[in-house]
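Sequence lines, in order, name chains A and B. For the first sequence, my numbering assigns the number 1 to the initial residue and increments by one for each residue that follows. For the second sequence, my numbering assigns the number 136 to the initial residue and increments by one for each residue that follows.
Some hints here could point you the wrong way.
As the list claims (entries may be wrong) - If you anchor each label on the Cβ, the simulated ranges turn out as follows: (1) Ala-160/B x Asp-57/A: 21 to 29 angstroms; (2) Asn-283/B x Gly-52/A: 50 to 58 angstroms; (3) Met-197/B x Asp-57/A: 57 to 65 angstroms; (4) Asn-283/B x Asn-30/A: 36 to 44 angstroms; (5) Asn-283/B x Asp-57/A: 27 to 35 angstroms; (6) Asp-16/A x Ser-198/B: 51 to 59 angstroms; (7) Glu-293/B x Asp-57/A: 19 to 27 angstroms; (8) Glu-168/B x Val-46/A: 31 to 39 angstroms; (9) Arg-180/B x Asp-16/A: 46 to 54 angstroms.
Stated by the list, open to error - Non-contacting residues of chain B with respect to chain A, defined by C-beta distances greater than 10 angstroms in every case (computed): (10) Arg-234; (11) His-237; (12) Gly-268; (13) Gln-355; (14) Ile-409.
What the hints assert, rightly or not - The list that follows gives simulated cross-link-like pairs (lysine to aspartate or glutamate, EDC-like), each with its CA atoms no further than 20 angstroms apart: (15) Lys-72/A x Asp-112/A; (16) Lys-59/A x Asp-245/B; (17) Lys-59/A x Glu-168/B; (18) Lys-259/B x Glu-70/A; (19) Lys-257/B x Asp-57/A; (20) Lys-235/B x Asp-57/A; (21) Lys-72/A x Glu-17/A; (22) Lys-395/B x Glu-350/B; (23) Lys-259/B x Asp-39/A; (24) Lys-59/A x Asp-86/A; (25) Lys-72/A x Glu-260/B; (26) Lys-59/A x Glu-350/B; (27) Lys-72/A x Asp-39/A; (28) Lys-59/A x Asp-304/B; (29) Lys-235/B x Asp-39/A; (30) Lys-225/B x Asp-157/B.
These aren't lab readings, by the way, just hints derived from the structure by calculation. We put the beta carbon where it would ideally sit given N, CA and C, even for glycine.
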Amino acid sequence: MRITQGTFSYLPDFTDEQIQAQIQYCLNNNWPIAIEYTDDPHPRNVYWDMYGLPMFDIKDAVAIMQTLAECKATFPDQYIRISGYDRSLGRATTALQFIVQRPADEPGFYLDRQEVSDRQVRYTIRSHSVTRPRG
Amino acid sequence: MTDIPATQGEQIDLDQVWQSSDIQALLDKLNEELIGLVPVKTRIREIAAMLLVARLREQHQMSTDRPTLHMSFTGRPGTGKTTVAMRMAKILHSLGYVRKGHLVVASRDDLVGQYVGHTAPKTKEILKKAIGGVLFIDEAYYLYRPENERDYGQEAIEMLLTAMENQRDDFVVILAGYKERMDTFFQSNPGFHSRIAHHVHFPDYSLDELVQIAELMVRQQMYSFDDESRAAFRDYLEMRVQQPHFANARSVRNALDRIKLRQANRLIRAGGSIVTSDLARIDVEDVRASRVFRGGTAAEPSA
Numbered sequence: 001m002r003i004t005q006g007t008f009s010y011l012p013d014f015t016d017e018q019i020q021a022q023i024q025y026c027l028n029n030n031w032p033i034a035i036e037y038t039d040d041p042h043p044r045n046v047y048w049d050m051y052g053l054p055m056f057d058i059k060d061a062v063a064i065m066q067t068l069a070e071c072k073a074t075f076p077d078q079y080i081r082i083s084g085y086d087r088s089l090g091r092a093t094t095a096l097q098f099i100v101q102r103p104a105d106e107p108g109f110y111l112d113r114q115e116v117s118d119r120q121v122r123y124t125i126r127s128h129s130v131t132r133p134r135g
Numbered sequence: 136m137t138d139i140p141a142t143q144g145e146q147i148d149l150d151q152v153w154q155s156s157d158i159q160a161l162l163d164k165l166n167e168e169l170i171g172l173v174p175v176k177t178r179i180r181e182i183a184a185m186l187l188v189a190r191l192r193e194q195h196q197m198s199t200d201r202p203t204l205h206m207s208f209t210g211r212p213g214t215g216k217t218t219v220a221m222r223m224a225k226i227l228h229s230l231g232y233v234r235k236g237h238l239v240v241a242s243r244d245d246l247v248g249q250y251v252g253h254t255a256p257k258t259k260e261i262l263k264k265a266i267g268g269v270l271f272i273d274e275a276y277y278l279y280r281p282e283n284e285r286d287y288g289q290e291a292i293e294m295l296l297t298a299m300e301n302q303r304d305d306f307v308v309i310l311a312g313y314k315e316r317m318d319t320f321f322q323s324n325p326g327f328h329s330r331i332a333h334h335v336h337f338p339d340y341s342l343d344e345l346v347q348i349a350e351l352m353v354r355q356q357m358y359s360f361d362d363e364s365r366a367a368f369r370d371y372l373e374m375r376v377q378q379p380h381f382a383n384a385r386s387v388r389n390a391l392d393r394i395k396l397r398q399a400n401r402l403i404r405a406g407g408s409i410v411t412s413d414l415a416r417i418d419v420e421d422v423r424a425s426r427v428f429r430g431g432t433a434a435e436p437s438a
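Construct the entire structure; sequences and hints are all you get.
So this is what it looks like as structure tokens:
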């Protein structure tokens, strides 16, 4: 199941040039870039692991593409996303965030139904990648 | 050369190309803002011309290797190395040799770590910041400390050398420092010497040039010398040059800062009412009060 989330979730996956252009856009706006990875793409999982530190004081997207390539080589089977953080007063939030790598095989989620009183049903989704980790 | 380009006979209007590349504007600005330094300016102009021609050759499908652009700037303190490096970054940017044209200034502390495994990430971080711009390494010879064989400087040097070779498209390195010490540094690190295409030496300023620099600074800061104080400042410089720790333009700036301080003090002490021009005028007394006239700056190390 192809997971979508973040800024360009409705678009097909970006090519490297497109990723670089988006990163350059962030840098031009003075948004430091962070690279994050995870094996658990659950929509409520906001705690992805950061690859290195957020990259401050960088002017050229090529530098970030190099780090991204390192990250991809280290975690070829995980989700990787790029986020640009706008620190300006009044905003102070992630301004743009998109997935740049997904594993070849995306296990998707398991939908858990819970019967509660009055025939109500509560739903929970669990990432297969977490409940049945590879290896 | 096996294939001769098809557009061989095409006319190229060099004047027009030169003008439209806004190098001329940058060079003019350099000329205006920096007094003297004739050999440096000639050299920069030559480099700019070479880069422009290389660009043109490329546009007309003649094979050109990307020219090596790493440079070394040698000269005493205060001769304008950093300023020229900043202009150089702009020139390289306007010719499209670096993508962003910013200047990252680094020294030993920024590159070399304190313990095992600390150097590589630090150097890498700086290199990453420099991508798309110019990396200016001030007093580069401090990277290499032959007296301590366990010094981590060597590690930084090796990383730098690899990056200078492999990421030639990504950034330009400018090494700067005193001439003699740079020469020893290059002797003990032949790898650096061969990777640097342009060695530019910044000569010391002559007395006249120093006076002109002072005039320029005074004008920029909206002050003015009168005839007497100008002569006094010339005397001051003449004596100051002989004394230790003289740092060319930087010393001039520091001297002017102290003169401004004394001028302000004089005005306040005198009190009463003044005219506006008095706020700008530097009096001979402000200059003459300097310690230099009373036998030396030995007591002020940072002058």
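Structure-based check of all given hints:
1. Ala-160/B x Asp-57/A: 21 to 29 angstroms: 28 angstroms, holds
2. Asn-283/B x Gly-52/A: 50 to 58 angstroms: 30 angstroms Cβ-Cβ, so the 50 to 58 angstroms window is violated.
3. Met-197/B x Asp-57/A: 57 to 65 angstroms: Given about 38 angstroms between the Cβ atoms, the range is violated.
4. Asn-283/B x Asn-30/A: 36 to 44 angstroms: 41 angstroms, holds
5. Asn-283/B x Asp-57/A: 27 to 35 angstroms: 30 angstroms, holds
6. Asp-16/A x Ser-198/B: 51 to 59 angstroms: 27 angstroms, violated
7. Glu-293/B x Asp-57/A: 19 to 27 angstroms: 24 angstroms, holds
8. Glu-168/B x Val-46/A: 31 to 39 angstroms: Roughly 51 angstroms apart at Cβ, these two residues miss the hinted range, so it is violated.
9. Arg-180/B x Asp-16/A: 46 to 54 angstroms: 38 angstroms, violated
10. Arg-234: Since the minimum Cβ distance to chain A is about 5 angstroms, Arg-234/B lies within 10 angstroms and the statement is violated.
11. His-237: 5 angstroms, violated
12. Gly-268: Its Cβ does come within 10 angstroms of chain A, the nearest being 6 angstroms, so this is violated.
13. Gln-355: About 28 angstroms separates Gln-355/B from the closest Cβ of chain A, which puts it past 10 angstroms; holds.
14. Ile-409: Since the minimum Cβ distance to chain A is about 43 angstroms, Ile-409/B lies beyond 10 angstroms and the statement holds.
15. Lys-72/A x Asp-112/A: 32 angstroms, violated
16. Lys-59/A x Asp-245/B: 18 angstroms, holds
17. Lys-59/A x Glu-168/B: The given pair, whose Cα atoms are some 27 angstroms apart, is violated under the 20 angstroms limit.
18. Lys-259/B x Glu-70/A: 13 angstroms, holds
19. Lys-257/B x Asp-57/A: Roughly 14 angstroms separates the two Cα atoms, so the pair holds.
20. Lys-235/B x Asp-57/A: Holds, because 13 angstroms separates the two Cα atoms, which is no more than 20 angstroms.
21. Lys-72/A x Glu-17/A: 16 angstroms, holds
22. Lys-395/B x Glu-350/B: 14 angstroms, holds
23. Lys-259/B x Asp-39/A: 27 angstroms, violated
24. Lys-59/A x Asp-86/A: 15 angstroms, holds
25. Lys-72/A x Glu-260/B: 19 angstroms, holds
26. Lys-59/A x Glu-350/B: 36 angstroms, violated
27. Lys-72/A x Asp-39/A: 13 angstroms, holds
28. Lys-59/A x Asp-304/B: Holds - the C-alpha atoms of Asp-304/B and Lys-59/A are around 15 angstroms apart, at most 20 angstroms.
29. Lys-235/B x Asp-39/A: Violated, because 35 angstroms separates the two Cα atoms, which is more than 20 angstroms.
30. Lys-225/B x Asp-157/B: 10 angstroms, holds
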